Every structure is written in C-alpha cells, then in structure tokens.
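Line by line, the protein sequences are chains P and R.
For reference, each letter of the first sequence is one residue, going 4 to 119 in my numbering.
For reference, each letter of the second sequence is one residue, going 948 to 1058 in my numbering.
Incorrect hints may appear among the rest.
Unchecked claim - Stretch by stretch, here's where chain R covers chain P in the computed footprint (C-beta under 8 Å, at least three residues): (1) 35-45; (2) 48-62; (3) 73-86.
Said to hold, decoys possible - With the C-beta cut set under 8 Å, the calculated list includes, among others, these residues of chain R facing chain P: (4) Q988; (5) G989; (6) F992; (7) D1003; (8) L1038.
Think of the hints as simulated: they come from the structure by calculation, not from any bench.
Here the structure is a predicted model, which is why all the values come from computation and not from measurement.
C-beta atoms are modelled at their ideal positions from N, C-alpha and C, and glycine is treated no differently.
Here's the letter readout for the chains.
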Amino acid sequence: GENVEQHPSTLSVQEGDSAVIKCTYSDSASNYFPWYKQELGKGPQLIIDIRSNVGEKKDQRIAVTLNKTAKHFSLHITETQPEDSAVYFCAAPRLHGSSNTGKLIFGQGTTLQVKP
Amino acid sequence: GAGVSQSPRYKVAKRGQDVALRCDPISGHVSLFWYQQALGQGPEFLTYFQNEAQLDKSGLPSDRFFAERPEGSVSTLKIQRTQQEDSAVYLCASSHGREQFFGPGTRLTVL
Chain P
4 GENVEQHPST
14 LSVQEGDSAV
24 IKCTYSDSAS
34 NYFPWYKQEL
44 GKGPQLIIDI
54 RSNVGEKKDQ
64 RIAVTLNKTA
74 KHFSLHITET
84 QPEDSAVYFC
94 AAPRLHGSSN
104 TGKLIFGQGT
114 TLQVKP
Chain R
948 GAGVSQSPRY
958 KVAKRGQDVA
968 LRCDPISGHV
978 SLFWYQQALG
988 QGPEFLTYFQ
998 NEAQLDKSGL
1008 PSDRFFAERP
1018 EGSVSTLKIQ
1028 RTQQEDSAVY
1038 LCASSHGREQ
1048 FFGPGTRLTV
1058 L
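Bound-form chain P, shown alone:
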C-alpha cells in the first residue's frame, strides 16, 4: 500500500523568506497529490493539489512540484507571512485493488513558523 514520508517536521523562517516542504511516496500508480493546511483547532484545508500529468502548479505564493521518477513532491511558499504559520500535510491516495476510492494517506505533518 501507499506510504508517505514528509520532511521536515518543523520549519522556522523569517517573514518574507521562502519555505519548502518535501514528501515522498511509495506507490508509483498514485496520481493525485494534495496539500492541506491545518490551523489549531480546525480541520485540514486544501490549499493546492497536483495531478500526475503535470510537473508543477502555481497559485499566487504557493506552488507544488512533482517528480514522478523519484516519487517525490514539494510545496513551495514564497514571501511567507505570519498567517502562513500552521501545520502542513501532504497526502497521496491509497489505491484499493483496481479502483481508487480516494482515501488519502497523509504525511506526518510539518509545523511552519513564520517569524515577523
């Protein structure tokens, strides 16, 4: 089954700097990779996702890159702001037999702190 590893577990940056979080996955058949942001006391919020037929996707200050050969994908946040401080999770679908029921396997999470 799918296994997702996420690094680093904590990341501290100065406001305005960039932050990069990396994940690796094990199932080469995985084809969808979402990133979630979770603030204290709230549920995970989808911030960006990428499908396996593209290598990069951007949305304002956030971008995700995918390397299918190496089976890893990364979240890039530029011009970080204090409100970016949260826990970030990557995920990949666990395929169930020949179908994809969509259940997600999550990484261990990265606590991002942006210092003003």
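Following the hints, put chain R in place on chain P, whose structure we already have.
Relative to the frame of chain P, chain R by itself:
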C-alpha cells in the same frame, strides 16, 4: 456556501460509554470519509461511503467502531465501549471529485 459541519465539536466520555459523532457533508457530495487524527499526527483513514453504501471500512480499528449514512447525506460514527486509546480528533470529509473538504472535527477525550 456551507462547508462540512460536525457535531459535537468536543466530547468527553467516561471509559466504557458509547458515543455518536455526526457529520453533515457539503450538499450534493457523493463521497464521505471519516479519518482519525491523533495528537501531533496526520489524519488516518477510517471508512468511506459512496452515497449510502459503505464501500471501504478497512481503517476501522475494531468492531467497536461503526459508521452509517442511511440516506446518503448525514453520517454518524459510533464508538461503543470507549477506551482511552480512542481519544483523538475525528474528522469527516466530503467530496464530489478528487478534492476532499474537511470539517472542523470532533475532539473526543475518553477519561
């Protein structure tokens, strides 16, 4: 529009009590997922519904856990004879495609 809602937001139970956690998905979403999130960890899959059919319950940790979605909308996760190791945040997510949208979760504390 309204997102996924869950109730109660917090639940304290004595060991051995039964609890029921409710999820109201986004209207029209066919797929509904339950996840369990332990402190400091990522969410872990429990079970999946497509409309009223429970297609995957491989993540339920024991037969004390039971989920239903009788009319294909609201779902209830029931935990019988709660144990301390059941303490966690229980998250519900709904989807009409690839994207899963999560509710705020129910924090269960078993004393």
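The hints, checked one at a time:
no., hint, verdict
1, 35-45, "holds (count 5)"
2, 48-62, "holds (count 4)"
3, 73-86, "violated (count 0)"
4, Q988, "holds, 7 Å"
5, G989, "holds, 3 Å"
6, F992, "holds, 4 Å"
7, D1003, "holds, 5 Å"
8, L1038, "holds, 6 Å"
In this structure, only the earlier hint numbered 3 is contradicted, and the remaining ones agree with it.
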